[in-house]
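Go by the hints and put chain H onto chain W.
The chain contents come next:
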Amino acid sequence: MKENAELPLPELKNGTEGRIAKICGGTHAVKRLSALGIVPGKKIVKVSGMPLRGPVVVAVDQTQIALGFGLAKKVWVEVANENSAGR
Amino acid sequence: MKILLVGNPNVGKSVIFSQLTGTHVISSNYPGTTVEYTKGYLNYNEERLEVIDVPGSYTLEPTCKAEEVAVAMLPYGDVIINVVDATNLERNLYLTLELIERRLPLIIALNLWDEAQHKGIIIDIPKLEAILGVPVVPTAAIRGQGITQLIARLPEARPGNVTWQTTDERYAAVGRIVRQVQQVTHRHHTLLEQLEDLSVMPLTGFVLGGIVLFCTFKTIRLIGEGLITYLFEPLFTKAYLPLLQKLSSSLGGTGLLHDLLIGQLINGKIDFVQSLGLLSTGLYVPLAMVFPYIIAFYFALGFLEDLGYLPRLAILFDSLMHRVGLHGYAIIPMLLGLGCNVPAALSIRNLESHRQKFIASTLMAIAVPCFSQTAMIFGLLGRHGGFYIAQIFFTLFCIWLALGLLLNWQLKGYTPALLVEIPPYRLPGIKVLAKKLYLRLSHFFKEAIPFILLGILVVNLIYLSGAIKILAYIFGPLFNFFFGLPGDAAIALLLGFLRKDVALGILAPLNLTPQQLAVASTVLAVYFPCLATFLILLRELGWRDMLKVTGIMLITALAAGTFMHLALERLGLSAWIGALILLALLVILETGKQKKEAQA
Chain W
1 MKENAELPLP ELKNGTEGRI AKICGGTHAV KRLSALGIVP GKKIVKVSGM
51 PLRGPVVVAV DQTQIALGFG LAKKVWVEVA NENSAGR
Chain H
1 MKILLVGNPN VGKSVIFSQL TGTHVISSNY PGTTVEYTKG YLNYNEERLE
51 VIDVPGSYTL EPTCKAEEVA VAMLPYGDVI INVVDATNLE RNLYLTLELI
101 ERRLPLIIAL NLWDEAQHKG IIIDIPKLEA ILGVPVVPTA AIRGQGITQL
151 IARLPEARPG NVTWQTTDER YAAVGRIVRQ VQQVTHRHHT LLEQLEDLSV
201 MPLTGFVLGG IVLFCTFKTI RLIGEGLITY LFEPLFTKAY LPLLQKLSSS
251 LGGTGLLHDL LIGQLINGKI DFVQSLGLLS TGLYVPLAMV FPYIIAFYFA
301 LGFLEDLGYL PRLAILFDSL MHRVGLHGYA IIPMLLGLGC NVPAALSIRN
351 LESHRQKFIA STLMAIAVPC FSQTAMIFGL LGRHGGFYIA QIFFTLFCIW
401 LALGLLLNWQ LKGYTPALLV EIPPYRLPGI KVLAKKLYLR LSHFFKEAIP
451 FILLGILVVN LIYLSGAIKI LAYIFGPLFN FFFGLPGDAA IALLLGFLRK
501 DVALGILAPL NLTPQQLAVA STVLAVYFPC LATFLILLRE LGWRDMLKVT
551 GIMLITALAA GTFMHLALER LGLSAWIGAL ILLALLVILE TGKQKKEAQA
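Listed in order, the protein sequences are those of chains W and H. Note that the first sequence covers residues 1 to 87 in my numbering. Note that the second sequence covers residues 1 to 600 in my numbering.
Same shape as in the complex, but just chain W (with noise of 0.2 Å):
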């Protein structure tokens, strides 16, 4: 099935591309992540995440930024297929 799916990031697979949809945070997350580049709209690469609830790589802008397991469940992710979901 083809469809727009929104999902955290943690639950992406490898190597997923998508467009952030939105940020499920406070003032201070949204803070800390806008000021990386972070931000709704811009599209966002999966690179690469460790087990054990471990940090998520992403590409954003050219670059790759790191994010702690509790700051990347906020960063929910619009893709374009249901089956990017899974680890």
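These are computed hints drawn from the structure, not numbers from a lab. Computed from a predicted model, the values in this text were never measured in an experiment. Each residue gets a CB set at the ideal place from its N, CA and C atoms; glycine is no exception. Treat each hint with caution, since some may be false.
Stated by the list, open to error - Restricting the straight-line Cα-Cα distance to at most 20 Å, the calculated cross-link-like pairs of lysine to aspartate or glutamate (EDC-like) are:
id : chain 1 : residue 1 : chain 2 : residue 2
1  : W       : Lys31     : H       : Glu352
2  : W       : Lys31     : H       : Glu169
3  : W       : Lys31     : H       : Asp168
4  : H       : Lys65     : H       : Asp488
As the list claims (entries may be wrong) - Selected chain H positions facing chain W (Cβ under 10 Å, derived; list incomplete):
id : residue
5  : Glu61
6  : Thr87
7  : Leu192
8  : Glu196
9  : Val200
10 : Met201
11 : Arg312
12 : Gly413
13 : Pro416
14 : Ala417
The following block gives chain H in isolation, referenced to the frame of chain W:
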């Protein structure tokens, strides 16, 4: 005239700084904060210009202490060089627009130009200049390219064109400008980029991490031992010792002044480790035993830093660090602490919340042995084989883990999640490495060495005044009961809080069994950091918290020493198994608690 270098972290500001300035560079703290900046001088047209490397910032709406300082420093600059990463135009331009908004005299150094070309990024510089209204100079600072043009065009720095009004318009302007001036052509994933990806993937990441750490420690050992064998040891034994011997005989070989300066003669000779004099042990231990390793350490650290490996290391350790209430980047003070606790304590300032600082300081001061302590452990137990040494380090690690889990469980407050940019791998430049090393070493000399000497002096005074005998009389039975150590060893334990290496000198001739030595070493390593570290942590955490940390230290030392004593003398293997089971229980409890939180 003051020139400020402003830009995002990791864009090569320090490289440009080192290319612009000469050898006279100073690193200082912004008043009232623990944020550091570096200052140097540039000779231009017979004028001496001050160049300041401002802390890296992503935005002028501060999200952290470093950015607050950067904003505070801005009004003091006559010219602002905005260092922009050509491979990351979109993110970097945001700060540029903020700077232009403030009508500051600006010139842009479009750095990493060579890397941009490698990546197939083409930027229309004249167009960018026209749109922004400020001069733009492409540079590849690591190769020294573009620096002359940058300096030549400094007089052209001027306020730029502001064509937006709201924050959203600023974001939109960035996007618009980038679309107009930048073109990205496709090219293949290079080998280095594949390595970058491997470094953060679960399996390969840890393998690579292990290799990197192994090579790093081997290199440190090589450089350290090399410096000792070929430089410092000969200096001390061939050049310095004869002078000291002359002084010794002119003072008559005994007496208060002699003992204070030269120490006690062992078998009629001056022994650099055991004599305990201000001029003998006082200089030998920090300069010939510890300092070479500090050099090696800082060199290796600078290399890993500039290579860009540290954030990837932080990723590997983030899960573990989170369990003890920290996050991945806290691995840096822990690793630094293995060299010297002083720079580790200083780097703890960079952690975001007070809770993190408390936990990191406690764990570092208690369970991470600085090189003096490591040297002491090897010195005392080396000839009894690796078994005891391994046991001590293993115990220290278990203490680190157990204490961290407990603190994380008990302390209120929050620990923010890791959020860090991962730069591409870049081969470090020699000039920058050398400058960094120089700055760090001069820092070490100013902050640590005076206290090392002070410590030796006080130790000597206490020893010689006989006050120590009274203390040993009081504490001796206590130490004997808990640790199984004889009265004289108590002196070492009491004095060891000032200088661990002095403790080595006192313990060495006592003919203790290896088990006793292991207990003594463990207690010494755990119960107090050196005076310099103590003072720095006191400044950072405040009286009340430092008192808590001290209490934790003493209790842990007592527990660890007693456990070691029991394990080695009486219970043997069963004690270790019991401890491991306890540790495993703690970890399982912690994991269960985290699972509950994740579902909340």
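Consistency of the hints with the structure:
no.: 1; hint: W:Lys31 to H:Glu352; result: holds (14 Å)
no.: 2; hint: W:Lys31 to H:Glu169; result: holds (17 Å)
no.: 3; hint: W:Lys31 to H:Asp168; result: holds (14 Å)
no.: 4; hint: H:Lys65 to H:Asp488; result: violated (49 Å)
no.: 5; hint: Glu61; result: holds (8 Å)
no.: 6; hint: Thr87; result: holds (6 Å)
no.: 7; hint: Leu192; result: violated (13 Å)
no.: 8; hint: Glu196; result: holds (8 Å)
no.: 9; hint: Val200; result: holds (5 Å)
no.: 10; hint: Met201; result: holds (5 Å)
no.: 11; hint: Arg312; result: holds (8 Å)
no.: 12; hint: Gly413; result: violated (14 Å)
no.: 13; hint: Pro416; result: holds (8 Å)
no.: 14; hint: Ala417; result: holds (3 Å)
The structure does not agree with the numbered hints 4, 7 and 12 stated previously, though it agrees with the rest.
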